[in-house]
Amino acid sequence: MTASFGSAALALAFAALVGAVALALRGRNGDERRVVAARRVVYGACALLTLCVVLIEISFARDDFSLNIVQQHSSIETPSFYKLAAMWSSQEGSLLLWAWVLSIASSLALYTTRNRLREVVPYATAVMAGVGAFFTGLMLFAGGVNPFASLDPAPADGIGLNPLLQHPSMMIHPPMLYSGYVAFTIPFAFAIGALVTRRLDAAWIRATRRFALIAWALLGFGLLLGARWSYTELGWGGYWAWDPVENAALMPWLIGTAFLHSIMVQEKRGMLKVWNACLIVATFSLALLGTFLVRSGVLQSIHAFGDNTVGPYILGLIAVVVLGSTALIVSRLDDLRSEKRIDSLVSRESVFLVNNFLLVALCAAIFWGTFFPLISELFTGEKSSLAAPWFDRYTTPLAILLVLFTGIGPLLAWRRVSWASARRVFRAPTIAAVAVGVALALLTDAASKPWALALFVFAAFALVGIGQEFWRGAAARRSLRGGSLPAALVGLVSANRRRYGGYVVHVGVAVLLIGIAASSSFQTNRDVELRPGESATIDGRTVTYVRPTAAADPDKITFGAVLAVRDGGKRYVLRPSQRFYRPTGVPIGTIGSNFEGEQTSEVGLWAGFGSDFWTAVRPDVTAVKRRVRAADRGFRACVSGGPGAPPQCRALAAMMRAAAANPALMPAASQQIGALQLATATRIARTYLGDDASATFRVIVNPLVTWIWIGGLIALVGALIAIWPTRRTRRGLAADTELEALKEAKYREIRDAELDHAAGKLSDEDFALLDAELRREAVEILDRDNGSANGHREEADRSAEPV
Amino acid sequence: MDPQRKRKIRLVVALSVAVFLAVALIYTSFSASTEAKEPSQILSSAPGTTYDMTGKVVPGSIRHDGEGLRFRVEDREGGGETMAVAYAGTVPDPFRGGREIVLTGALAHGVFVGERDTLVTKCPSKFTTSNDS
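First to last, the sequence lines map onto chains A and B.
Residue numbering for the first sequence follows my numbering, starting at 12 and increasing by one per position.
Residue numbering for the second sequence follows my numbering, starting at 446 and increasing by one per position.
Derived from the structure by calculation, the hints contain no laboratory data.
There may be inaccurate statements among the hints.
[Unchecked claim] Footprint (simulated), chain B over chain A, 3 or more residues, beta carbon under 8 Å: (1) 367 to 377; (2) 395 to 405.
[Unchecked claim] Think about it this way: if two alpha-carbon atoms lie no more than 25 Å apart in a straight line, the pair counts; the simulated DMTMM-like pairs of lysine to aspartate or glutamate are: (3) B:Lys482 / A:Asp163; (4) B:Lys451 / A:Glu393; (5) A:Lys567 / A:Glu613.
By construction, the Cβ of each residue, glycine as well, lies at the ideal position given by its N, Cα and C atoms.
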């Protein structure tokens, strides 16, 4: 029932998306009715895909094992919370998530641009609906990945969700990453539309900038969650391994970061048009490549993926996107010429150029390293791979330079800055950086790691520089408008959300990189073997293995340890443990099967602002395993016993024979045997407590690692500030014409320049020159509005109200 | 200096940095990479060379030996000779018999000795459609 209903909805969504492509393309020459119809059909496809997702989630919640996806990835015992997350643990479910999120993003993008960009929108609609049709069609026609594939007869229970995936992060980490990948489709689609129609001013950028920012924030947050998950769950203690799948998500994020910066140059100066078009094509292609890598098995990864059916299709789509876009850009090179040239090397736009260069270089290095196994096989015939040290060699210096430029960029104004003003704004950050460098070199052993020291120095420069920006901006606003300093700060940020949201992101990134540098360079990492009562001293902290713990549950047996840690004056107790899960999907197994299933580590973690104390345990369960094997043998002997066996054994044997003959009795029998096994497992697990067995502990003292998470959250808050619409943009989104948007952007530039002047970033001469230039440009825009230049000049003066 | 010439200089500088980076990438990657080989290939090659061994842990072969581990691996497709492996240090959670691993190390006296903390176990079945977990 669900299967046929869902399949029909999916097929309809596919037909709708194909129809939207056709309608939009037929409406490209100004047939407004067809374009509106195409937009409504996309809304309809979004509703249909929403229905599909709801149907799948209901089936998971109701344990409807007649659906293959539910049977393979859930079971009756799977906790309800994870039943909802199980959808995207499957190939077909993750494809549905892709298509669904894309349909939502497309609908939103088409809604917000419904009165704008009349020439570009038909093509953008066609691209978005086309990509949506591709993924929907993949589910329907690629074979083996239809989420509504059904099983007949329906099995009584499912295989269950892999215990390794049963972690709260599973609920948000994959959807965040997917939404990030998917949302980059929107700016890509509008870029293609702008290229085709040769409407290559910044209009397409203004219409989709917010989507790019949302995509960037989601992808970044997804990466951060993945790192956190790895740190607390995998029993390994690291948060990043340069694994191909991690790299695949990092690369579009890096190029997306470059894109977000360089589009500002196009918006304000009409430059870098070819570059921006290339960046968004690269970002979207890398997002597709990430989707492909996760499903193809072409590279060795800790994330193993079995299915190959959809890989070639996605590769085909990437080829079409890359070749088609490149051809399109080349054919439009004449229209993509810059309107202006860079005025000065000491200006924000030239810093953005450097930052773009660094980000692209970073991505290129990671790309090369990730695909090196394929490259080396091509040239030498041997699959060779590159390990973390190789990646570090390139990413470390590039990251250090990047953090320096996160500090320099905000200090410089657009267009040009005189040396005198530059010296004034650079003074405090430079002094701070030198002071921090000297202090760290003298007071700590930071000098032993020059790269880390360099990063700390540059991060200090960036943090003080951005702090100075906030301080001077708030002081300038206060002197213009009065009020208290905190009120001026809040007013400043909320009136200039893009700018100050961006600065907050820079603070977050600098803090995050401090955390990465400190925790990777100054980590103490030791494996110690202890018996209960014994102690070890690691990096000045004394760890005592107080006592073992043990517990048995129907699905797992857990062995753990109670550790008492003395850390100077602080004392705390940590309880790391290791869980041994039964293989999923086997109704009745032996107790010993617990040691054949998955194992997960529950980390004992003391998180502090100074350093984390991280522990994981590997209990020695040799003796326990021996007893379990003996118990399993005893059980088998009992139920297969002859006339001499004890009466309860004979009863058990009779029940199992009856259940084998009559499947209806199976649930009751397996429940009874399960209870018996649990009692035995609990008894045996307790014997571990008296074994005095040794356990191996991995102990990591990780300095400043907490700041990675804090920095990430700061960056997220900054992105939200920049994304949040102001009253002005809300009005703009509702009914704005392109000319209005253009005017608004120019007024914002004038306000920015006034703020920079008031904050002392621009000298009086610089400002006078720049202001005259900007007002001239504003008047040019207003003149296009068919009015008298005089009246508009007044309007230009009025609208550029002071900060 | 006239702006045309300045732009040209800037372009040349940027391009040479890019070329330099590209050459560095190519050069270092070929010298720093380790070859990935399967157990049967390692057994038939000269001992002493460091390889990334990718293989499948033979079920039931895992033995704890003091602080270290001893187990046997076979080719990913199964079959062929199995190779003895010695490894010290903790192993990732998903490590167990039948699972694919990647381990950096070298063959010594017929035993593949893994370097500490280089053992990587593949996460199971995130996107498999078959029931192999």
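To see whether the hints hold, each was checked on the structure:
no., hint, in the structure
1, 367 to 377, "holds (count 4)"
2, 395 to 405, "holds (count 8)"
3, B:Lys482 / A:Asp163, "violated, 43 Å"
4, B:Lys451 / A:Glu393, "violated, 46 Å"
5, A:Lys567 / A:Glu613, "holds, 13 Å"
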